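Peer 1: Take a look at the letters that make up each chain.
There are 2 protein chains.
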Amino acid sequence: MDMSQESNQDRAPLYETMLSHRFQRRSSFHVPGHKNGKGVDAAATEYFASIMSLDFTELAPLDDLHHPTGVILEAQSLAADCFSAEETFFLVNGSTVGNLAMIMSVCAKEEILIVQRNAHKSVIHGLMLAGAKAVFLPPRVDAATGLSTGVSLTDVIRALEDHPTAKGVLLTNPNYYGMGIELSDIAEAVHLRGIPLLVDEAHGAHFGFHPDLPKSALASGADAVVQSTHKMLTAMTMGAMLHVQGNRVDRHLIQQRLGMLQSSSPSYPLMASLDLSRRWIYQRGKESITKALQVVQHFRERVKSKLAAAAIMEKEEHNLSYTFLDPFKITLHDRTGTWSGFQLRDQLALAGCDAEMADAKYVLFQFSLASDEADAEHLFLALSDIFMKLSLKKQDFLEEITNNNRMQLFTQISAPILMALPKKSDASKVKAIPLEASIGFRSAEMVIPYPPGIPLLYIGEQITEQTAAYIKWVAKQGAWFQGAKDAGLTHISIFIE
Amino acid sequence: MDMSQESNQDRAPLYETMLSHRFQRRSSFHVPGHKNGKGVDAAATEYFASIMSLDFTELAPLDDLHHPTGVILEAQSLAADCFSAEETFFLVNGSTVGNLAMIMSVCAKEEILIVQRNAHKSVIHGLMLAGAKAVFLPPRVDAATGLSTGVSLTDVIRALEDHPTAKGVLLTNPNYYGMGIELSDIAEAVHLRGIPLLVDEAHGAHFGFHPDLPKSALASGADAVVQSTHKMLTAMTMGAMLHVQGNRVDRHLIQQRLGMLQSSSPSYPLMASLDLSRRWIYQRGKESITKALQVVQHFRERVKSKLAAAAIMEKEEHNLSYTFLDPFKITLHDRTGTWSGFQLRDQLALAGCDAEMADAKYVLFQFSLASDEADAEHLFLALSDIFMKLSLKKQDFLEEITNNNRMQLFTQISAPILMALPKKSDASKVKAIPLEASIGFRSAEMVIPYPPGIPLLYIGEQITEQTAAYIKWVAKQGAWFQGAKDAGLTHISIFIE
Numbered sequence: 000m001d002m003s004q005e006s007n008q009d010r011a012p013l014y015e016t017m018l019s020h021r022f023q024r025r026s027s028f029h030v031p032g033h034k035n036g037k038g039v040d041a042a043a044t045e046y047f048a049s050i051m052s053l054d055f056t057e058l059a060p061l062d063d064l065h066h067p068t069g070v071i072l073e074a075q076s077l078a079a080d081c082f083s084a085e086e087t088f089f090l091v092n093g094s095t096v097g098n099l100a101m102i103m104s105v106c107a108k109e110e111i112l113i114v115q116r117n118a119h120k121s122v123i124h125g126l127m128l129a130g131a132k133a134v135f136l137p138p139r140v141d142a143a144t145g146l147s148t149g150v151s152l153t154d155v156i157r158a159l160e161d162h163p164t165a166k167g168v169l170l171t172n173p174n175y176y177g178m179g180i181e182l183s184d185i186a187e188a189v190h191l192r193g194i195p196l197l198v199d200e201a202h203g204a205h206f207g208f209h210p211d212l213p214k215s216a217l218a219s220g221a222d223a224v225v226q227s228t229h230k231m232l233t234a235m236t237m238g239a240m241l242h243v244q245g246n247r248v249d250r251h252l253i254q255q256r257l258g259m260l261q262s263s264s265p266s267y268p269l270m271a272s273l274d275l276s277r278r279w280i281y282q283r284g285k286e287s288i289t290k291a292l293q294v295v296q297h298f299r300e301r302v303k304s305k306l307a308a309a310a311i312m313e314k315e316e317h318n319l320s321y322t323f324l325d326p327f328k329i330t331l332h333d334r335t336g337t338w339s340g341f342q343l344r345d346q347l348a349l350a351g352c353d354a355e356m357a358d359a360k361y362v363l364f365q366f367s368l369a370s371d372e373a374d375a376e377h378l379f380l381a382l383s384d385i386f387m388k389l390s391l392k393k394q395d396f397l398e399e400i401t402n403n404n405r406m407q408l409f410t411q412i413s414a415p416i417l418m419a420l421p422k423k424s425d426a427s428k429v430k431a432i433p434l435e436a437s438i439g440f441r442s443a444e445m446v447i448p449y450p451p452g453i454p455l456l457y458i459g460e461q462i463t464e465q466t467a468a469y470i471k472w473v474a475k476q477g478a479w480f481q482g483a484k485d486a487g488l489t490h491i492s493i494f495i496e
Numbered sequence: 000m001d002m003s004q005e006s007n008q009d010r011a012p013l014y015e016t017m018l019s020h021r022f023q024r025r026s027s028f029h030v031p032g033h034k035n036g037k038g039v040d041a042a043a044t045e046y047f048a049s050i051m052s053l054d055f056t057e058l059a060p061l062d063d064l065h066h067p068t069g070v071i072l073e074a075q076s077l078a079a080d081c082f083s084a085e086e087t088f089f090l091v092n093g094s095t096v097g098n099l100a101m102i103m104s105v106c107a108k109e110e111i112l113i114v115q116r117n118a119h120k121s122v123i124h125g126l127m128l129a130g131a132k133a134v135f136l137p138p139r140v141d142a143a144t145g146l147s148t149g150v151s152l153t154d155v156i157r158a159l160e161d162h163p164t165a166k167g168v169l170l171t172n173p174n175y176y177g178m179g180i181e182l183s184d185i186a187e188a189v190h191l192r193g194i195p196l197l198v199d200e201a202h203g204a205h206f207g208f209h210p211d212l213p214k215s216a217l218a219s220g221a222d223a224v225v226q227s228t229h230k231m232l233t234a235m236t237m238g239a240m241l242h243v244q245g246n247r248v249d250r251h252l253i254q255q256r257l258g259m260l261q262s263s264s265p266s267y268p269l270m271a272s273l274d275l276s277r278r279w280i281y282q283r284g285k286e287s288i289t290k291a292l293q294v295v296q297h298f299r300e301r302v303k304s305k306l307a308a309a310a311i312m313e314k315e316e317h318n319l320s321y322t323f324l325d326p327f328k329i330t331l332h333d334r335t336g337t338w339s340g341f342q343l344r345d346q347l348a349l350a351g352c353d354a355e356m357a358d359a360k361y362v363l364f365q366f367s368l369a370s371d372e373a374d375a376e377h378l379f380l381a382l383s384d385i386f387m388k389l390s391l392k393k394q395d396f397l398e399e400i401t402n403n404n405r406m407q408l409f410t411q412i413s414a415p416i417l418m419a420l421p422k423k424s425d426a427s428k429v430k431a432i433p434l435e436a437s438i439g440f441r442s443a444e445m446v447i448p449y450p451p452g453i454p455l456l457y458i459g460e461q462i463t464e465q466t467a468a469y470i471k472w473v474a475k476q477g478a479w480f481q482g483a484k485d486a487g488l489t490h491i492s493i494f495i496e
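Protein chains in written order, with the numbering used here: chain U, 0 to 496; chain F, 0 to 496.
So that you can see chain U by itself, here it is in the shape it has in the complex:
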């Protein structure tokens, strides 16, 4: 590795080396079997041939993700420099694998990790793989919307005091809706105990690259941070990064965990797209973001001035349940209560506009630095059409939605709970019973309504009346339950004891 090149952010060392390798018109007597794209289906040539000509494997000039010493190390170092980390690991298995590896490098069996409850399921899976004990922190709740946001500093400090043997604290920031909290105070409190703050910043890869965007978790002092480069920046789907700083996490162990959990034949196009995304955000980040933020702002203003029935979530200054709202996330609902978020999403899809997610009340739109005026115009027109219909057939279930709003399921810091791998199916111990009859039993499945993909029950957790009621409610709103045996969750698998 040529260290003098390390801070040359105008280079894309991995991608450039792949291109130069490609132009040598080499003959392949190695995997992959498609032989630089020759084996691509004729009908798919237009889409796959060019990328497959770069679909390489670990030949000497192309380095090795699991033991990088050349162009991949160089690309990762440039990324670390660009994102203000000390070291960056490229991920080809999504933020999922970043969360797994981060947790498994910090927690051994039966050790305690303090974890924000409204986490992505990969956090729960990481705890299970580690066999760790979780102390769950309740999220704060935004009174205006009923949405779960971040944790409170008070709760973090209390949990640290109650569990002095905890190995770290893991937070999810921002949440799916772009609502986030200031992390600096929490980082300081965690560091006072000599343990690391881990942050799942899957939705914040763009943070810190523009004065109008929130501060990144790394800038707030987090020790290890996972970012979905594909979500808010421009990498291909599954491309993500794990950033590290300081010495509270063991980088060698992180590399070891990633070596277990990621393919031994990682995709070069995916890795190159990380290299290119890093260069893009460095070279054009500020300019693109400025432009895209104008698009979003313009859209927001037009909705506000023209579509009286459409309400866009805004952060009120006096609202202390969260600190910032990512301007690229637009959360919208029907003020009249005629349409649920699910219904709005479905109508927009018919008009060619695909939203990020919907819940009972809201529909969430994700903009990014690649969003343009044409897209925003498309969405505005589609919304106008939908809300134009509204005045003609206004219905009256506003109250129902308002009353039910979002229940608060988790309000207390939990006791330490041992997270174990789901066991081999054992028909004599597991039984599917109607949800209403399940109260008091321990769940034999993880219950994750999608969206927003937050685990309501993990395997082994006792089903309370409140949980069952909540599940019934979100199911009625049209949520579906990823991985559940009964996708609509009228029945739930429990352990007979």
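In short, the hints are calculated from the structure, not lab data. Incorrect hints may have been included.
No distinction is drawn between identical chains; accordingly, a pair holds when it is met within one copy or between any pair of copies.
Claimed, not checked - The calculated lysine-lysine pairs, modelled on BS3-like cross-linking and capped at a C-alpha distance of 30 angstroms, are: (1) Lys290 with Lys303; (2) Lys285 with Lys471; (3) Lys428 with Lys108; (4) Lys285 with Lys37; (5) Lys108 with Lys430.
The structure displayed is predicted, hence computed values, not measured ones.
Starting from the structure of chain U, add chain F where the hints point.
Peer 2: Showing chain F alone in chain U's frame:
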């Protein structure tokens, strides 16, 4: 899912749906952030723009890998039908994740799995993640080449008898060099115990699709089989499949494990490439293989008749250490002993021909059904040039290589060994010492010379004199040690006890 379409192998349901979605010119307000490729770096447009226009996420018409009910389920069903499985899981994290999920669905903590020792490191990692106990089976050794091949039926039966509580048997077939064994008898012996035979068939995705190719593991009765569709067929790198038949493995648990270990945002281009590969092998498999086998055969004959110093490995009929040799794998060495496999590989690379791997003696070329005459000609000419030089500067280290040959490290069935996750670094317990001084200590790192990627030491295994000597020898031959702290392995990390 339209079941009447299920066996229409001329369709590629996932890819077709992606294309039709693409042509709707929809506006994206969801991840990924590149917005159908608009966010791609200008310099990379030619390679990335077309594929990124298909880089979707889990929108309703596009189904969900982790809970398939639509086009992904349909594509997987067609694959199951094509590969003669009962059920097929698409993998976007390589055969690696297939091996992990397969093992973790069969073995719980401290349960026994009977495992062929010369396995890919992902098998060792799967055992560690499961916390299982491994009973290692020694591979047979091909006397002619010194290469490790498959296990013997006798050893499998003895291990089953000695360990009646074993939960399954996992074999790797064929090995990296394409040498494989007949599995039917072994499958039968394993099934007599009521437990599953699991097969890592990473290098055999093409098996069974042509009369001149070996029988597939599924056809031999294996219960779960992992195949790297990208290695010997035409998928993009990281695209693989896990096939299942019968009821000795728990498919629900496999899906659960895959849901933990694979990205919650799996790559659609990768999944589409699996769909397209399946269609290709079904539609054109026999024809392409016939053609490519002629290319290989022609190459083989020319080397034999024109390059006296180049020896290509062939399976002798009386050789009982393995049953078949994949004709697409060409293993070649320098008869005069002038050049090691590493040296041959490096000279060929200078001539633009990239081999699959090299070891001290051999260089391995992987052909596939996408290999053509032009590639074969390129390789033949490059080899001719290299061997032409040979007569001018023949040297005399033939004997050294012959005498050292490949040592036999593993000859006995091991006792059950608990495979645990490498622990958090603990400087007071781990120390790097010179390899020669390490005998008798337990290794604190996994030692995997690459090539061929077979673990010589796992974490916690005692270092014997023989192992140390073997490591020293392969290191001297230029092997490098993936993931080792000292890449040349003159030092090794051990536990001080």
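Peer 1: Take the hints in turn and mark each one as holding or not.
Peer 2: Here's how the hints hold up against the structure:
1. Lys290 with Lys303: Classified as within; 20 angstroms inside a copy, 65 angstroms across copies.
2. Lys285 with Lys471: For Lys285 and Lys471, neither the intra-copy (45 angstroms) nor the inter-copy (53 angstroms) Cα distance is at most 30 angstroms.
3. Lys428 with Lys108: Both. Shortest intra-copy (25 angstroms) and inter-copy (18 angstroms) distances satisfy the 30 angstroms Cα cut-off.
4. Lys285 with Lys37: For Lys285 and Lys37, only the inter-copy Cα distance (17 angstroms) is at most 30 angstroms; the intra-copy one is 40 angstroms.
5. Lys108 with Lys430: both (28 angstroms within a copy, 23 angstroms between copies)
Checked against the numbered hints given earlier, the structure breaks only hint 2 and satisfies all the rest.
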